[in-house]
Amino acid sequence: MAIALAEADKYEILDKIGCGSFGIIRKVKRKSDGFILCRKEINYIKMSQKEREQLTAEFNILSSLRHPNIVAYYHREHLKASQDLYLYMEYCGGGDLGMVIKNLKKANKYAEEEFVWRILSQLITALFRCHYGSDPAEVGSNILGPAPKPSGLKGKQGQVTILHRDLKPENIFLGSDNTVKLGDFGLSKQMQSHDFASTYVGTPFYMSPEICAAEKYTLRSDIWAVGCIMYELCQKSPLSTLAPTFN
Numbered sequence: 001m002a003i004a005l006a007e008a009d010k011y012e013i014l015d016k017i018g019c020g021s022f023g024i025i026r027k028v029k030r031k032s033d034g035f036i037l038c039r040k041e042i043n044y045i046k047m048s049q050k051e052r053e054q055l056t057a058e059f060n061i062l063s064s065l066r067h068p069n070i071v072a073y074y075h076r077e078h079l080k081a082s083q084d085l086y087l088y089m090e091y092c093g094g095g096d097l098g099m100v101i102k103n104l105k106k107a108n109k110y111a112e113e114e115f116v117w118r119i120l121s122q123l124i125t126a127l128f129r130c131h132y133g134s135d136p137a138e139v140g141s142n143i144l145g146p147a148p149k150p151s152g153l154k155g156k157q158g159q160v161t162i163l164h165r166d167l168k169p170e171n172i173f174l175g176s177d178n179t180v181k182l183g184d185f186g187l188s189k190q191m192q193s194h195d196f197a198s199t200y201v202g203t204p205f206y207m208s209p210e211i212c213a214a215e216k217y218t219l220r221s222d223i224w225a226v227g228c229i230m231y232e233l234c235q236k237s238p239l240s241t242l243a244p245t246f247n
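Residue numbers (UniProt numbering): 1 to 247.
Please keep in mind that the hints were generated in silico from the structure rather than gathered at the bench.
Be careful, since some hints might not be right.
[What the hints assert, rightly or not] Listed below are the simulated DSS-like cross-link pairs for lysine-lysine, each with C-alpha atoms no more than 30 Å apart in a straight line:
#, residue 1, residue 2
1, Lys16, Lys236
2, Lys50, Lys31
3, Lys80, Lys46
4, Lys10, Lys102
Let the hints inform the model, and build the full structure from the sequences given.
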């Protein structure tokens, strides 16, 4: 009688590509067809309740988002004995934008203008999908009048908005052809369209003025972070040389 393989046994580990406080990120190959994926291995035994909630939120958000410029989520595996969660996602062979900026700085070069525009246009398209649940209208499509408002993702109580809340170069991944893949939704928040996020999160260099003033996070806060990222891509250094100081 054939014995069913555990999900993890169906993959060959190729390389460790990252690590964090709660786990490891590996490049793996599916044995059945050679398909390459990224596996995020998370041990939740020492996680606080808040951290577990953030992890659950990341699963929910990733599974609801399907877009060419957002890291694809495939499935997850729960290893109850070791209290591990394996999250299988799209592998991005081009690294991340943070790595690109470091390499430009090391080589004493600036990013080509065409590359900057391609990154910006794809990043904005991915973020628009998060904020409104649809793609932005094509240029010139509203020539006969104002374009209709995006319908957005629908929840039980109306339109759902996804705020990323931790946009930074290291969370913007690149495919082998430099296709933008927005990822790392660990601090993201899924809300009804009339709500705002009150939790204070993010990376200081990319925080908007309202967040620095301990005000609520909105769609505009994500947009501010995009501007900071593009400035850093062009100048090879953050918009502010000093992280904001909070009272």
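Now the hints, each set against the structure:
1. Taking the CA atoms of lysine 16 and lysine 236, the gap is about 27 Å. The hint holds against a cut of 30 Å.
2. Taken as a hint, the lysine 50 and lysine 31 pair is broken in the structure, with Cα atoms around 36 Å apart against an allowance of 30 Å.
3. Distance restraint check for lysine 80 and lysine 46: the Cα-Cα separation of roughly 14 Å lies within the 30 Å cut-off, and the hinted pair is therefore satisfied.
4. The suggested pairing of lysine 10 with lysine 102 is violated, with an alpha-carbon distance near 36 Å, which exceeds 30 Å.
When held up to the earlier numbered hints, the structure conflicts with 2, 4 and fits the remainder.
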